[in-house]
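**Q** Please build the complete structure, drawing on both the sequences and the hints.
Taken in sequence, the protein lines are chains A and B. Taking numbering that gives the first Met the number 0, the leading residue of the first sequence gets 0, the next gets one more, and so forth. Taking numbering that gives the first Met the number 0, the leading residue of the second sequence gets 0, the next gets one more, and so forth.
Read the hints as simulated data drawn from the structure, not as lab findings. Fair warning: there could be bad hints in the mix.
Output of the computed footprint for chain B on chain A, the stretches with three or more beta carbons under 8 angstroms from beta carbons of chain B [unchecked claim]: (1) 61-70; (2) 179-188; (3) 222-236; (4) 256-262; (5) 369-376; (6) 409-415; (7) 448-461.
Built from N, CA and C at the ideal position, the CB exists for glycine as well.
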Amino acid sequence: MIDQDVCQRVLARAMSTGADFAEIYAEDKRSTSAGLDDGKVEQVTSGRDRGAGIRVIAGETTGFAHTSDLTEDGLLAAAGAAAAAARQGDGGTRTIALTKATVRRPQPVERYPDGVAKADKVELLRRIDESARAAGGEIVQVSAGYGDSVKRVLVANSDGLLADDDVVRCLLRISTVADGDTGQQTGFTSLGHTIGFEVFDQVDVEELARDAARQAITKLGARPAPSGSLPVVIKHGTGGVLFHEACGHGLEADFVAKGASVYAERTGELVASPLVTVVDDGTMAGEWGTLAIDDEGHATQRNPLIEAGVLTDYMWDFLRSRKQGRAPSGNGRRQSYAHLPMVRMTNTFVTDGDSDPDDIVRSTERGVYVARLGGGSVNTATGDFVFGMTEAYLIEHGEITAPLREANLIGNGPQALRDIDAVGNDFVMGGPGTCGKDGQGVPVGTGQPTLRVSKMTIGGTAA
Amino acid sequence: MSESLDVLAGLADKVVAQASAGEQVEAYVSRGGNTDVRVYQGEVEHFVSAQSEGIGVRVIRDGRTGFAYAGTLDPGAVDEVLAEARDNVAFGTVDDWAGLAEPDGVARTPQMLWNDTLAGYATSDKIELAQELERRTLGHDRRLRIDDSNYADAWGEVAVATTTGIREAGRENGCYVSVSTLADDGDETQTGFGFSVGREPGEFDLDRAAREAAERATRLLGATKPPSRRLTVVLDPFVTAQFLGIIGSTLNGESVVKGRSLFRGRLGEMIAAPGVSLVDDPTNALAYTATDVDGDGLAARRNELIVAGELRQFVHNSYSARRADVRSTGNATRGGYAGTPGVGCLALQLQPGARSQTELIADIDDGLLVQQVSGLHSGVNTVSGDFSTGASGILITDGALGAPVREMTIASTLQRMLLDVVEVGADVDWLPMRAAGVSLVIADVMMSGS
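**A** Shown next as structure tokens:
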């Protein structure tokens, strides 16, 4: 994408005002998306995004500029702007020598989506529409979105690092609306992987569509969710978002450094039930948050965060790990070349426990069984978080019974982690997520076995 | 028109001129830039200076639509975008209503969207503003820390042209400052934020931003989780603006024609309490999102959506209007060159009432002043109407504000909340959102806590 000698000259320009560190992040992304709604393929879209962001660090100040012009002149101009923004000074001349890193890719890509016929992509949507509508006469609307991208990434920095990668993604999202006597209800399923179009040979998209239809139809008979504190059993898969919110963000080193996390200065302490082990792992084959290298050019890795309830480490970006004199953890990520990198999660999950998931339900006298969690958010400084339950049922006398209307759950991260009193042995990863932080969205994965929180506040309307 | 805007308009015209017979073509060309300064403990933490540009091309032939975009205006890339959009046409389903907007004779209400003072504002002064905001905020309370203090500005130029005769070009700029706070008391930490927006920095109210950031963080210190019960809530103007944004999305004409709106088929019916009148008026220069044209290139206009509780109309872009057999209400929304127009409210406002928030509170025996909500994206379903959101605020007892509370939810349904509106306050606040803030009293909302 950019020649090595050009990178070296651009970095030298970026360092020319006496900076401590400079970096080029360049990307060239081709994407295709297609949307089906109301029985029609409304539009196929082709996109091209290409550009470079140049970051210059001097003391505590970061200067950043980006450009969609990848010629040497364009890059030199951006480097000059970033250097000027960082700090004025006289750095003299510095030569940068880059060494290309060997990048180990988590999984080979068999069918690059840019080589797959658009007709095949559109055909997926038609099959989804047909299967979802066939699932029941109550289904009055189906919308489905397909998206793929192939992103070539290059990172070079003044420490001599040069790394590149191809990031391939395929995504499907299915929304349904069912109509009944009680109004309308919605269903949603999705799948997203960092592999090629071969994913659609491995996954039953019709079943995914029927699942979205089934959710909406089931909820037509839902009663209002309870209001107040109850035990909550979370089905394996979609509950990983609880940990993303309840502790993941609070373990990001930037929040920790500013004392804006309830987990600051607590490594080595028991912060969760001893049943809980939480890991962030950017190397998992094919998962939505998987990357060979992070967006600062460092290999992703498996980072244990909480082991048997004890806080072991935070997640780091290069800026903060460099300052601390420690190895990067591969968690420096950005939305695109037009954004500064930050500490971000990759795939965050709870590992298997010992309990039989059926026993967890059977041993719950009265509570809520959450089959599907929606999105959530957290205030890292207080630990307070919310997330939506988009498919949930009552548990009565150890049995899963009536479906419930949608509501938010609210809790406090450290408290919820301590209140986990059962962890199942049925770990799976959930669907693709987009994590938002400081205005940037990045793809993340979550996962967990079935587990129970002994009490959480359920924000329904029923007494 | 500025010289660079001429260039964009020329580029859009050039693409449209390449349309073949029987083909509708739209070109949307834009260019923009932004500055983003973050200060922490008096030092610049980061300074971002960036520019971007791009083009999106939509082609419609025989009822089929194709679209492509690129984040560059290189001549080669522009040709490729048109070719890709044409190629994509073949994969769309025939839609009898597909088509670009056509000029409808509605005159534009001119807006002052560009400010030369901001365009010429010095970098060092931008940094100084963020530093000054940090200093003023810290001065409010010694329990405060600052997470970050920010100055940001952005400018953009857009030209859109179509084979159906739309030809619009314009530019705008704006700026804001914001500050995030932490307040500590023993082991407890609470957070807050404050902001101020302007067409240029002279319009900033730094004192208000600092005061609100300090108050938001400190007022929740010592807050507890309240017992669950039904009560009357007063939404602070900032919360009402978020609530109106959700109500606006239920009045989306595209959802109506696709059969998934709460209020489909209910035009002319009472869907809200008689005290509720809701207008979407981007022609009002006081609105932060005031504009002269919508995302289709049609004139923005004033639309009365709910009048004294009665549903009068939905909002439409040219496509949803054609399907609904009505005229576009000028409500095409567009996120930039990488997408095609959607439908949305542009600048909502509730008809204000006569009384202050203090007067509204004085009438309430058992209530909650809701100052912050969280999880609106996960706890509100605009199809079923279920509403459940995390909340924090201050309990109201016998007409007076009492103890701060947090870590609870408030829940109802959107349908009921509109009918349960007791009163709208007089305290209109033009926030940097698509809806104006105002205090709003809603009865019979379930609060879930301990």
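**Q** Can you tell me if the region 61-70 of chain A counts as covered by chain B, using C-beta to C-beta distances under 8 angstroms and a minimum of three residues?
**A** Coverage by chain B holds for the region 61-70 of chain A (8 residues, Cβ < 8 angstroms).
**Q** Check whether three or more residues of the region 369-376 of chain A sit with their beta carbon closer than 8 angstroms to a beta carbon of chain B.
**A** holds (count 4)
**Q** Between the region 179-188 of chain A and chain B, are there enough contacts, at least three residues with CB-CB distance under 8 angstroms, for the coverage claim to hold?
**A** The restraint on the region 179-188 of chain A holds, since 4 of its residues have a Cβ under 8 angstroms from chain B and three suffice.
**Q** Check whether three or more residues of the region 409-415 of chain A sit with their beta carbon closer than 8 angstroms to a beta carbon of chain B.
**A** Result for this restraint: holds, n = 3.
**Q** At least three residues with a C-beta closer than 8 angstroms to a C-beta of chain B: is that true for the region 256-262 of chain A?
**A** Since three or more residues must qualify, the claim that chain B covers the region 256-262 of chain A holds, with 4 doing so at under 8 angstroms.
**Q** With a cut-off of 8 angstroms between beta carbons, are at least three residues of the region 448-461 of chain A near chain B?
**A** holds (count 5)
**Q** Examine the region 222-236 of chain A: at least three residues should have C-beta closer than 8 angstroms to a C-beta of chain B.
**A** holds (count 4)
Checked against the numbered hints given earlier, the structure satisfies every one of them.
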